[in-house]
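First to last, the sequence lines map onto chains A and B. The working numbering applies: residue 183 is where the first sequence begins, and numbers increase by one. The working numbering applies: residue 183 is where the second sequence begins, and numbers increase by one.
Treat the hints with care, since some could be wrong.
No copy labels: a pair is met if it fits in one copy or bridges any two.
Pairs of lysine to aspartate or glutamate residues, derived as EDC-like cross-links and limited to a Cα-Cα distance of at most 20 Å, are as follows [to be verified]:
1) K206 <-> D316
2) K392 <-> E219
3) K304 <-> E219
4) K389 <-> D308
5) K392 <-> E222
6) K266 <-> E227
7) K347 <-> E330
8) K266 <-> D316
9) K347 <-> D308
10) K343 <-> E219
11) K389 <-> E219
12) K343 <-> E330
13) K392 <-> D316
14) K233 <-> E321
15) K392 <-> E264
16) K304 <-> E222
17) K304 <-> E288
18) K203 <-> E391
19) K266 <-> E391
20) K325 <-> E219
21) K304 <-> E210
22) K233 <-> E210
For the record, the hints were derived by calculation from the structure and aren't laboratory data. These figures come from a predicted structure and were not determined experimentally.
Spelled out, the chains give:
Number of protein chains: 2
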Amino acid sequence: MHQEKILNTPAIRRMPTYLHKLLKMQSEGKVSVSSTELAEYMNIELIVVRKDISLTGISGQRRVGYDVNELIRYIKAYLGWEEKISAVLVGAGSLGTALLGYNDFEHYGFSIEWVFDSSPDKIGRDVYGRTVQDINDMESCFKGQHPEIAVICVSNTAAQKVADKLVAAGIRYIWNFANVSLQVPRGVVVQREVIAGGLAMLAVRRKFEKNMCCEQKDADNTGENIP
Amino acid sequence: MHQEKILNTPAIRRMPTYLHKLLKMQSEGKVSVSSTELAEYMNIELIVVRKDISLTGISGQRRVGYDVNELIRYIKAYLGWEEKISAVLVGAGSLGTALLGYNDFEHYGFSIEWVFDSSPDKIGRDVYGRTVQDINDMESCFKGQHPEIAVICVSNTAAQKVADKLVAAGIRYIWNFANVSLQVPRGVVVQREVIAGGLAMLAVRRKFEKNMCCEQKDADNTGENIP
């Protein structure tokens with residue numbers, strides 16, 4: 183709770199993107215990467231990349247760049263992604279299906295092992311290799327094993343009930359895609375994912391560009407340079 | 183480009199969440215809202231809420247709180263969401279379908295009016311009231327009208343080709359859900375959406391909590407207070 187001041191949110195949100203790029207470079211046999219290369223890929227300033235990377239605690243090697251394997255290790259350690267984290271997903275609709283098909287999760291150690299839904303149309307179906315199970319059978323499906331993270335992809339109206347069930351099953355970390363503010367006991371961490379957040383970013387950049395254009399136009403229209 | 187330093191990314195990403203809450207309050211007939219109420223809903227500190235809201239330029243009314251209708255207007259104006267923005271979505275798979283079903287977009291003036299795909303399985307299908315059209319017919323489908331924003335929901339391998347097509351059709355704002363860094367001409371704005379960014383946030387909060395627990399445990403284990 184109240185970690186907004188402590189956590190560097192934009193930097194943390196960028197970490198999987200660095201990781202995605204670095205894992206691709208690793209698979210192509212590249213051994214080192216410069217911050218300039220990463221800045222170009224991320225489309226952000228060099229100084230931002232350097233600050234992001236310094237968060238992981240890796241020591242910079244200005245001349246030769248960073249060792250790809252080492253940087254991957256540091257980013258994974260920073261995020262706590264060195265080991266497998268097992269997860270459960272509730273809601274096998276279109277968003278849930280999209281998340282189950284997201285290839286990068288396995289590289290992050292994030293393993294969605296259980297999928298639940300309440301709809302008879304979905305129960306029993308196979309989604310990317312997982313069988314959708316009845317949410318009412320959740321406790322018995324876990325059988326002593328215990329997912330650490332839950333992903334909620336159900337409707338806004340169903341989300342609180344699902345969260346209550348998950349918390350009752352002992353889950354303490356919830357990645358919530360429903361557009362509701364979940365009420366959970368102290369000690370349970372909810373990361374609310376508002377898909378329109380990215381649209382807001384694009385919207386502000388659009389407005390910014392439009393204003394820039396207007397200012398430019400105004401400057402062009404002073405008449406001073408018009409022949 | 184290079185706006186990371188200028189834009190308050192976390193605050194902007196939170197704007198749709200405020201808006202979602204305020205629109206709900208509006209529909210319930212509530213006329214005013216306090217920053218405390220918003221802080222509780224957002225699960226962030228009061229000072230962060232006040233800073234976020236001050237970004238919109240609204241003048242605070244400490245005693246009575248904010249006027250709900252006015253705050254909605256200010257947030258919409260801040261994001262440039264006062265008027266309808268027409269959009270095209272490419273890729274009618276599970277993620278594209280999830281986005282087409284996202285109810286809040288209409289309240290933000292964000293109107294996805296065209297949907298394209300290249301797969302014969304999908305072309306002609308109805309998705310939440312839009313007919314999926316063949317991407318090869320894109321130019322003729324626009325017929326003089328012009329979407330301002332494009333949403334890319336195709337595979338990583340297809341994304342660059344799709345982006346090229348969209349740019350050639352005159353689109354300057356791209357919301358990209360494919361996990362690739364798109365190459366676009368100067369003047370085209372790409373907002374890359376990395377779904378794992380939220381997972382990274384949850385992961386860091388998880389690590390943070392675990393470390394806190396360990397520290398707490400260590401403190402408990404000094405033996406000084408053990409009877």
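Hint check:
In this assembly of identical chains, K206 and D316 lie within 20 Å of each other by CA distance neither inside one copy nor across copies; the values are 37 Å within and 31 Å between. Taking the shortest Cα distances, K392 and E219 never come within 20 Å of each other, neither inside one copy (29 Å) nor across copies (34 Å). Proximity of K304 and E219 under a CA criterion of 20 Å is satisfied in neither setting, with 44 Å inside one chain copy and 38 Å between copies. In this homomeric assembly, K389 and D308 never come within 20 Å of each other (Cα to Cα): the closest approach is 43 Å inside a single copy and 32 Å across copies.
Taking the shortest Cα distances, K392 and E222 never come within 20 Å of each other, neither inside one copy (24 Å) nor across copies (35 Å). Neither within a single protomer nor between protomers do K266 and E227 lie at most 20 Å apart by alpha-carbon distance, with minima of 33 Å and 32 Å respectively. For a Cα distance limit of 20 Å, the shortest separation of K347 from E330 inside one copy, 14 Å, qualifies, whereas the shortest one across copies, 42 Å, does not. When the C-alpha separation of K266 and D316 is checked against a cutoff of 20 Å, the pair qualifies neither within a copy, at 25 Å, nor between copies, at 41 Å.
In this homomeric assembly, K347 and D308 never come within 20 Å of each other (Cα to Cα): the closest approach is 23 Å inside a single copy and 34 Å across copies. Taking the shortest Cα distances, K343 and E219 never come within 20 Å of each other, neither inside one copy (46 Å) nor across copies (23 Å). Proximity of K389 to E219 under the C-alpha cut-off of 20 Å is found in neither arrangement, the shortest distances being 29 Å within a copy and 29 Å between copies. With identical chains, the CA atoms of K343 and E330 are at most 20 Å apart within one copy only, with a shortest distance of 18 Å there and 39 Å across copies.
Proximity of K392 to D316 under the C-alpha cut-off of 20 Å is found in neither arrangement, the shortest distances being 50 Å within a copy and 31 Å between copies. Taking the closest pair of Cα atoms, K233 and E321 never come within 20 Å of each other, the shortest separation being 44 Å inside a single copy and 43 Å across copies. For the identical chains of this complex, K392 and E264 are inter-copy neighbours only, at 14 Å across copies versus 44 Å inside a copy, given an alpha-carbon limit of 20 Å. Taking CA atoms no more than 20 Å apart as the test, K304 paired with E222 passes in neither setting, with 43 Å inside one copy and 35 Å between copies.
Taking CA atoms no more than 20 Å apart as the test, K304 paired with E288 passes in neither setting, with 24 Å inside one copy and 28 Å between copies. When the C-alpha separation of K203 and E391 is checked against a cutoff of 20 Å, the pair qualifies neither within a copy, at 28 Å, nor between copies, at 28 Å. Taking the closest pair of Cα atoms, K266 and E391 come within 20 Å of each other only across two copies (18 Å); inside a single copy the shortest separation is 43 Å, beyond that limit. Taking the closest pair of Cα atoms, K325 and E219 never come within 20 Å of each other, the shortest separation being 47 Å inside a single copy and 40 Å across copies.
For the identical chains of this complex, K304 and E210 are neighbours neither inside a copy (39 Å) nor across copies (34 Å), given an alpha-carbon limit of 20 Å. For the identical chains of this complex, K233 and E210 are neighbours neither inside a copy (26 Å) nor across copies (45 Å), given an alpha-carbon limit of 20 Å.
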